[in-house]
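Trainee: Read off the chains here:
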Amino acid sequence: DGGITQSPKYLFRKEGQNVTLSCEQNLNHDAMYWYRQDPGQGLRLIYYSQIVNDFQKGDIAEGYSVSREKKESFPLTVTSAQKNPTAFYLCASRETGGSGANVLTFGAGSRLTVL
Amino acid sequence: GIQVEQSPPDLILQEGANSTLRCNFSDSVNNLQWFHQNPWGQLINLFYIPSGTKQNGRLSATTVATERYSLLYISSSQTTDSGVYFCAVGNYNQGGKLIFGQGTELSVKP
Chain F
2 DGGITQSPKY LFRKEGQNVT LSCEQNLNHD AMYWYRQDPG QGLRLIYYSQ IVNDFQKGDI
62 AEGYSVSREK KESFPLTVTS AQKNPTAFYL CASRETGGSG ANVLTFGAGS RLTVL
Chain U
12 GIQVEQSPPD LILQEGANST LRCNFSDSVN NLQWFHQNPW GQLINLFYIP SGTKQNGRLS
72 ATTVATERYS LLYISSSQTT DSGVYFCAVG NYNQGGKLIF GQGTELSVKP
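Going line by line, the protein sequences match chains F and U.
Position one of the first sequence corresponds to residue 2 (our numbering), numbered consecutively onward.
Position one of the second sequence corresponds to residue 12 (our numbering), numbered consecutively onward.
Looking at chain F on its own, in the form it has when it is part of the complex (with noise of 0.2 Å):
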């Protein structure tokens, strides 16, 4: 089936320390994203990447980096710099073109605690 994997589900950190979380999807998606939700919240834009080797920072960027070398991978990396990086992280992605474009297909999410 296809779908978009992220992994680990849950993820327990120590402050200081940078955890990259990852994002895999076999739907020949050309564009993916990463979303951070916090309780009781809406979801907020970090990183997108519209083409492989190509990204854009999205609105709550700082602390957080990302890399696209393939087209079926978006990893997320949460560095010691993110002030709060307690949060439910969601991956998504989207059909550029044809008749599912512009619906956008999320993983199961990442939750990441950091003591």
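None of these hints come from the bench; they were simulated from the model.
Incorrect hints may appear among the rest.
Stated by the list, open to error - With the C-beta cut set under 10 Å, the calculated list includes, among others, these residues of chain F facing chain U:
1) Phe13
2) Gly43
3) Leu44
4) Thr97
What the hints assert, rightly or not - Short derived list, chain U residues pointing at chain F, Cβ under 7 Å:
5) Gln25
6) Asn29
7) Gln53
8) Leu54
9) Asn56
10) Tyr59
11) Gly106
12) Lys108
13) Phe111
14) Gly112
15) Gly114
Where a beta carbon is used, it is the ideal one built from N, C-alpha and C, also for glycine.
Dock chain U against chain F, hints included.
Mentor: Structure of chain U alone, referenced to chain F:
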């Protein structure tokens, strides 16, 4: 940037009741989607509806783009409809980014 406001923030229904969720947005958009987030955090796309009306089973949605609002109707609600409903808006020429509202948390009681 575009502001998205959803109402009500919380809603408690008895099974079988109907409900209407509203999404207001502050600027013109050509991309509007409704999502349901289940208690485990998974977001499922319900509708892609930048304008007009669509129906899918007990759910339907209407967007009046000129008046900058969208409505999600849930009829004959079931306990499995519980969760958070998000409206998200954007424009094609901005990388397909979506701006999310704060959501409506729906609880359907048996």
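Trainee: Holds or violated: is there a CB of chain F closer than 7 Å to the CB of glutamine 53 of chain U?
Mentor: Holds, because the Cβ-Cβ distance from glutamine 53 of chain U to chain F comes to roughly 5 Å (cut-off 7 Å).
Trainee: Is the interface hint for glycine 114 of chain U satisfied, with its Cβ closer than 7 Å to some Cβ of chain F?
Mentor: 6 Å, holds
Trainee: Holds or violated: the hint that leucine 54 of chain U contacts chain F, with Cβ atoms closer than 7 Å.
Mentor: Given a least distance of 4 Å, the restraint on leucine 54 of chain U holds.
Trainee: Hint lysine 108 of chain U vs chain F: min CB-CB distance below 7 Å?
Mentor: Interface hint status for lysine 108 of chain U: holds (6 Å vs cutoff 7 Å).
Trainee: Against chain F, run the beta carbon of asparagine 29 of chain U and see if the smallest gap drops under 7 Å.
Mentor: Since the shortest Cβ distance to chain F is 25 Å, the answer is violated.
Trainee: Min Cβ distance, glycine 112 of chain U to chain F: is it shorter than 7 Å?
Mentor: This hint holds: glycine 112 of chain U lies near chain F, its Cβ roughly 6 Å from the closest one there, short of 7 Å.
Trainee: Hint check: is the beta carbon of leucine 44 of chain F less than 10 Å from a beta carbon of chain U?
Mentor: Leucine 44 of chain F check passes; min Cβ-Cβ to chain U is 4 Å, inside 10 Å.
Trainee: Phenylalanine 111 of chain U was flagged as interface toward chain F. Is the shortest Cβ-Cβ separation under 7 Å?
Mentor: At 4 Å from the nearest chain F Cβ, phenylalanine 111 of chain U passes the 7 Å test, so the hint holds.
Trainee: Mind checking the CB of threonine 97 of chain F against every CB in chain U and telling me if the closest is under 10 Å?
Mentor: 7 Å, holds
Trainee: Any CB of chain U closer than 10 Å to the CB of glycine 43 of chain F?
Mentor: 4 Å, holds
Trainee: Closer than 7 Å between Cβ atoms is the bar; does glycine 106 of chain U clear it against chain F? Give me holds or violated.
Mentor: With Cβ-Cβ at 6 Å, under 7 Å, it holds.
Trainee: If you take the shortest Cβ to Cβ gap from tyrosine 59 of chain U to chain F, is it below 7 Å?
Mentor: 5 Å, holds
Hint violations for this structure: numbers 1, 5, 6, all remaining hints satisfied.
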